[in-house]
Every structure is written in structure tokens, then in C-alpha cells.
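Add chain U to chain Z, keeping to what the hints say.
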Amino acid sequence: MPLVLKGVMQSPVTPLKEDFSPDLETFERLLDFHVRTGATAISWPHHKGESLNLTIPERKAFAEVAVKVVAGRVPVSIHVSALSLRDSMDLARHAESIGADAIIAITPYFWNPTPEAIYEYFVKLGTTIDLPLIAYNSPSYLEGVELTGELTKRLIERLPNFVGMKEASFNSEKYLEIARVALPLRPTFAMISGVEFLAPAIPMGGAGSYSSAGAICPRLCIELYEACAKGESVKARELQFKLALLWDLFRDQYPSSLKGGMVLMGRPVGPTRPPLPTASKERIAYIGEQLQALGIMDTEPHGW
Amino acid sequence: MVTPMFTPGFVHTPVTPFAADETIDWSSFGRLLDFHIANGAQALALPMHVAESVSLTDAEQREVVFFALEKARGKIPVIAHVSDAGTTIAADRAAHAERAGAAAIVITTPYYWTPPADMLLEHFHQIGASVRIPVFLWHAPDEMRGSKITTDLVLKLISRLPNFVGVVDSSNDWQFQINVLSNAQRARPAFQLACGTEYFASAGANGATGFFSALAGVAPVLTRRLYEICRKEDYFEARPLQTHLAALHRIVKSGGFAGLKSALRAMERDCGIPRPPMEPLDASREQGFLGELRRFPPLGAEPRGW
Chain Z
2 MPLVLKGVMQ
12 SPVTPLKEDF
22 SPDLETFERL
32 LDFHVRTGAT
42 AISWPHHKGE
52 SLNLTIPERK
62 AFAEVAVKVV
72 AGRVPVSIHV
82 SALSLRDSMD
92 LARHAESIGA
102 DAIIAITPYF
112 WNPTPEAIYE
122 YFVKLGTTID
132 LPLIAYNSPS
142 YLEGVELTGE
152 LTKRLIERLP
162 NFVGMKEASF
172 NSEKYLEIAR
182 VALPLRPTFA
192 MISGVEFLAP
202 AIPMGGAGSY
212 SSAGAICPRL
222 CIELYEACAK
232 GESVKARELQ
242 FKLALLWDLF
252 RDQYPSSLKG
262 GMVLMGRPVG
272 PTRPPLPTAS
282 KERIAYIGEQ
292 LQALGIMDTE
302 PHGW
Chain U
5 MVTPMFTPGF
15 VHTPVTPFAA
25 DETIDWSSFG
35 RLLDFHIANG
45 AQALALPMHV
55 AESVSLTDAE
65 QREVVFFALE
75 KARGKIPVIA
85 HVSDAGTTIA
95 ADRAAHAERA
105 GAAAIVITTP
115 YYWTPPADML
125 LEHFHQIGAS
135 VRIPVFLWHA
145 PDEMRGSKIT
155 TDLVLKLISR
165 LPNFVGVVDS
175 SNDWQFQINV
185 LSNAQRARPA
195 FQLACGTEYF
205 ASAGANGATG
215 FFSALAGVAP
225 VLTRRLYEIC
235 RKEDYFEARP
245 LQTHLAALHR
255 IVKSGGFAGL
265 KSALRAMERD
275 CGIPRPPMEP
285 LDASREQGFL
295 GELRRFPPLG
305 AEPRGW
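Order-wise, the sequence lines are chains Z and U.
Going by the numbering used here, the letters in the first sequence line up with residues 2 to 305, in that order.
Going by the numbering used here, the letters in the second sequence line up with residues 5 to 310, in that order.
Excised from the complex, chain Z in its bound form (with noise of 0.2 Å):
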């Protein structure tokens, strides 16, 4: 079956137990409740799911339980991208022996590394396995390290399996750019924008969304998607203003309020690791406040 990636995704965040150890039934009964509300695709673990304060073997018992609980429902990516290019290269590897769909993987970390260098990570990545392979873009987080519309044409051109990208920049000319390159060489190209940033993305050639308020609000986000799918752009533009408010409440340290927020919808997940906070008494109430202003708590799924 090709891999099709459309719609409001899921990457789902990872729960973990009190003690901070990882809490794999938690996560299973949270694929399953992504799955039944409508997620299109699961992708973990995203920075959102804590990747880079989670140890190799950790990721690997994780992935292995998504593809497990999932089991074909929908098509299941795995985040590789870590410190090392040879942990990302293991886990890439990994996924594959798993039977996962796909892979995703962000430009290097800490290094500030030329085009030529990003361009020969893609390909050794995506020659390593033979699984599709998802891009994953965010200059403003890497400082300005990025895939440009160049770098992906070559990619393209160089890779069979190079499907999509995660398009995190948020940014008119880079998403114009590398879709105007990538759609016309290959136009089952997914663009799919980090975060539900879907009003403008979509008419613009975008193929959906890795979720962000998914855990909280899966109705809403589908209910944008849907808006923006049909070109309804005013109520998109609604729809879009009251996500980006709940965004601006789940952003900061994120995913701590985001996991706090969970609390609230009947869908506990534990604490966030080290050095991120774990969110505060005070700030889940200030939390049910706002959940509660916006009509989320009385408008989307309460437990699991």
C-alpha cells in the first residue's frame, strides 16, 4: 500500500511514569486514542515527544510499541534525528526492522553544517534504509540551519524514497519556495507543516499537519483541516485564530503545558523530563481556565 500522508497527523508526546521512566502502557492507550479521533498518520517522537531526552534503547522499546498498538491502521513514522549522526543512522535502521512506514529526520544538531553537508546526511540517511523518508525543516529552532528550496530539488532528484517534509519554518517565502520546487518534480510530495498552521499552508500546496493540540482538541484541528481543505477560508481563518491561542498557551516550554493540559482532558501522561519543567499546580489551573474561555472542555473527547 503507497504511503499516503494528508490530513492531521499525530505525534503523539510520551508519557512517563512519576519517576520519570517510561510508561509504555500509558502510550499505548494514548496511539489508540489518536487512532479512534481521527489521526490520519502517527509520528513519534517528535521534540514534542521529549526525543532528545529519551536514550537510544528508550526510542527503540517506544517505536516498537507504536507499531505494534497501530498495526496498520494508519501509517506510522519514526523521528530518528539525534545528537549523533550515527544514533540517527541506528534508529533509522531500527524503525526499518520494526516494519515502521517511514522515517523523519531534522538537519543536524548544534553544527552549523554547509549545504553540501545537509545535502549528504539526507542521502546517506535515506540510502541507508529503504523505508520513505520525511524531511523535517525548522530554521528558527537550528539557527537558520536549513533545507532550501535547492537542497530539496536535489534531494528529489537523488532519492526515490524522499516523500515529504515536515515544514516547521512558518514562513511564506521558505514554505512557497521549497513547494514550488518540490511539487512539480514530484507531486505526491507532502508538505506538512509543523504545528496546525493550516490557513495558509494549504492552499499553498500543503498536504496537512503534524498536530500539536491533537492530545487536546482533536476535533477542532480536524475541523480546520476540513475548513481549509475546502477552501472555506473564512472559517479556516476562525478556526486557525483559536488554535493559535491554545498554540500560545501550549508553546511555552514545550510540551509541559501541553502534558499539563492533558491532565485536565481525563488523559494524564506523568511529568516532562529534565531540564524542561513539569508543569505546576498553578499553571494547570491557569490552563483549565483558558481550555474552559475557549470551550474546549465541554466541545472535544474528556478521557481515553
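Source of the hints: derived by calculation from the structure; they are not laboratory data.
C-beta atoms are modelled at their ideal positions from N, C-alpha and C, and glycine is treated no differently.
Keep in mind that the hints are not guaranteed to be accurate.
Claimed, not checked - Listed next, with one range per pair, are the computed distances between beta-carbon atoms:
1) Asp-253/Z x Thr-92/U: 32 to 40 Å
2) Ser-163/U x Asp-88/Z: 24 to 32 Å
3) Asp-122/U x Pro-276/Z: 27 to 35 Å
4) Leu-294/U x Val-5/Z: 39 to 47 Å
5) Gly-309/U x Ala-118/Z: 41 to 49 Å
6) Glu-26/Z x Ser-258/U: 54 to 62 Å
7) Asp-253/Z x Thr-118/U: 23 to 31 Å
8) Tyr-116/U x Ala-118/Z: 53 to 61 Å
9) Pro-276/Z x Glu-67/U: 53 to 61 Å
10) Glu-67/U x Thr-300/Z: 56 to 64 Å
11) Arg-74/Z x Glu-306/U: 28 to 36 Å
12) Lys-236/U x Thr-128/Z: 43 to 51 Å
13) Pro-244/U x Thr-300/Z: 34 to 42 Å
14) Thr-118/U x Leu-246/Z: 23 to 31 Å
This is chain U only, laid out in the frame that chain Z set:
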């Protein structure tokens, strides 16, 4: 004071033509303004950075605004860009623009200085309070690397300045556009967002209603069609036009700051070269640049000459 209403719509941002001796070429400037007025501009904004405002003396900036007001009188409104390093200099220029008949002013953060947040607010407040016409803030973080315009600053200025009506955004940043507009419209429902770059489609989807375009001088047909389709909120239909305009923008950008004037020359609307310290394209680079423009099919539908 009641908040004045002014919706700028499709705004052309003309360059400033210079003669070989680096003085303003008023004859070419007159022809250029006539061209913009006859080719779809609903308003003019000048002298913006593409018009080398920072390379003009204070007297020249006032003259440029006055000259444009004379040309546009009875036809379309003129928005005066009045930014400067010093607050009182910019405020005086704003007051002059209002007396001369400008419909609105636009201001960005101060040049060179990076004042603390309360002084940045004071800077904008003093300039805005020096006039009664509408005031737009211009968010151009790539060019103005010091101080930043934030949603918090916008909300504070709304509470202090009745004639503060909108933000012109040149960041292309979806987070900024959505955040500033959704919050500002709760405080001032008629608050406007205008797109300050050639990427109007996504900005329109985020709620922008105005479009400040420098490439309107090169491709007035394409930019106007994009504006009109976006104002109908049909962003899927806008995509091919936006893609063409993005491609044109990349070609012009590849020529550096001088690229816009070289592109105007290619369209047979010679406005000279930039004033120092900005440099013209050297002959060999300009040949390659012009070749790329000639191979760009959408320009075939655009007017040549004045």
C-alpha cells in the same frame, strides 16, 4: 479622537529614480508615478526602503512625498513612510506629511538604536500622536535587526493611540501574522494587517487585507491579479499566481538590492542605479540577470516602457 478609517488595499511602493550625478531624477520619477497610478495601484507608499529612504536627506524625503501627493491628487491616496533614528525627526516628518495631504503614515523601528521596550513604545507613540491621520507600524525584522515589533507592543500602542490602525508585515512569519491580528482585533476590531512582501496569498489567508508590493513596478498585471483573487478569499486559485510572483521575486532578489532597478530597466522603465553605498549590478552580472528575466514567461504579459 475617533479611530480614523483607511483601508490601503493594493499599494505600490515605487523606487526613487536617480540621475547619473546621484540627484533625484524628477522627470523619471514623474513618469514612474504616472505608470503606477495608471497600472492598478490603489495607493502609493513612499519612500519605503526599496525607494532608498535611508539614502535620502530629510528634505528629499519630504519633497518625494510632496511630489507624489501632487501627482496622485484626486486619484489615489499616498502613504508616507517617515521612519528615522530619532523620534522627533520622524514625528516632524510625519506632521509634514499630514499637512501636505498624506492619507496615512507608516513607521518601522528606529534605525541603529535598540531602545528598551518602554522607550520603543514611546517612540511610536510620539510619532503617532504628532498626526491625526492613520498610523501603520511596519514589521521588517530582516532589515531592522535591533528592536522588534511584538504583539505586546501593538496591544499597548492600541490602548494609547487612537489613530493606530494596523501593521504592515514584511516578516512572512505566520506565527506573527496570526498572533498579532487575532489579538489586536479583540482590542480594536477594525485593526488591519497588510502584507509588506510579495507573499500575499498566505498572508491573506491569515487575514491580511492590504498588499504593499515593490514588484508591482515590474509586474503590475500579475501582482494586481493576485491581489484581486486573494481579496475574493480564493487562495487555491491564487496559488499559481503566487508561485509565479515568488519565482520573479527570487530572480530579482538574486540581483541584490540593485536587482529591482535592473528589473525595471529590463521592462524599459529606467530609474537609474542605487545611490551609494548600495552598488549597481556589474555588467556581466546584469547580463545574466537580464537573461533570466527574459526567460521568465509571465513577464510577457506585462507592460513595457512607461
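Taking the hints in turn, this is what the structure says about them:
1. Distance hint check: the CB atoms of Asp-253/Z and Thr-92/U are about 38 Å apart, consistent with the given range 32 to 40 Å.
2. Between Ser-163/U and Asp-88/Z, the C-beta spacing of about 51 Å breaks the proposed range 24 to 32 Å.
3. Here the CB-CB span from Asp-122/U to Pro-276/Z is close to 32 Å, well matched to the stated 27 to 35 Å.
4. At roughly 44 Å, the beta-carbon separation of Leu-294/U and Val-5/Z lies within the given 39 to 47 Å, and the hint holds.
5. Under the hint 41 to 49 Å, the C-beta atoms of Gly-309/U and Ala-118/Z, about 48 Å apart, fit the expected range.
6. For Glu-26/Z paired with Ser-258/U, a C-beta distance near 55 Å keeps the hint of 54 to 62 Å intact.
7. The hinted window of 23 to 31 Å between Asp-253/Z and Thr-118/U holds, with their beta carbons roughly 25 Å apart.
8. Checked against the hint of 53 to 61 Å, the C-beta distance between Tyr-116/U and Ala-118/Z comes to roughly 36 Å, which is inconsistent with it.
9. Distance hint for Pro-276/Z and Glu-67/U: a CB-CB separation of about 57 Å, consistent with the stated range 53 to 61 Å.
10. Checking the proposed 56 to 64 Å range against Glu-67/U and Thr-300/Z shows it holds: the Cβ atoms sit about 59 Å from each other.
11. Distance hint check for Arg-74/Z and Glu-306/U: the Cβ-Cβ separation is about 52 Å, which falls outside the suggested range of 28 to 36 Å.
12. In this structure the supplied range 43 to 51 Å holds for Lys-236/U paired with Thr-128/Z, their Cβ-Cβ distance being about 46 Å.
13. Range check, Pro-244/U to Thr-300/Z: Cβ separation about 37 Å, and the 34 to 42 Å hint holds.
14. Checked against the given bound of 23 to 31 Å, the beta carbons of Thr-118/U and Leu-246/Z, roughly 30 Å apart, stay inside it.
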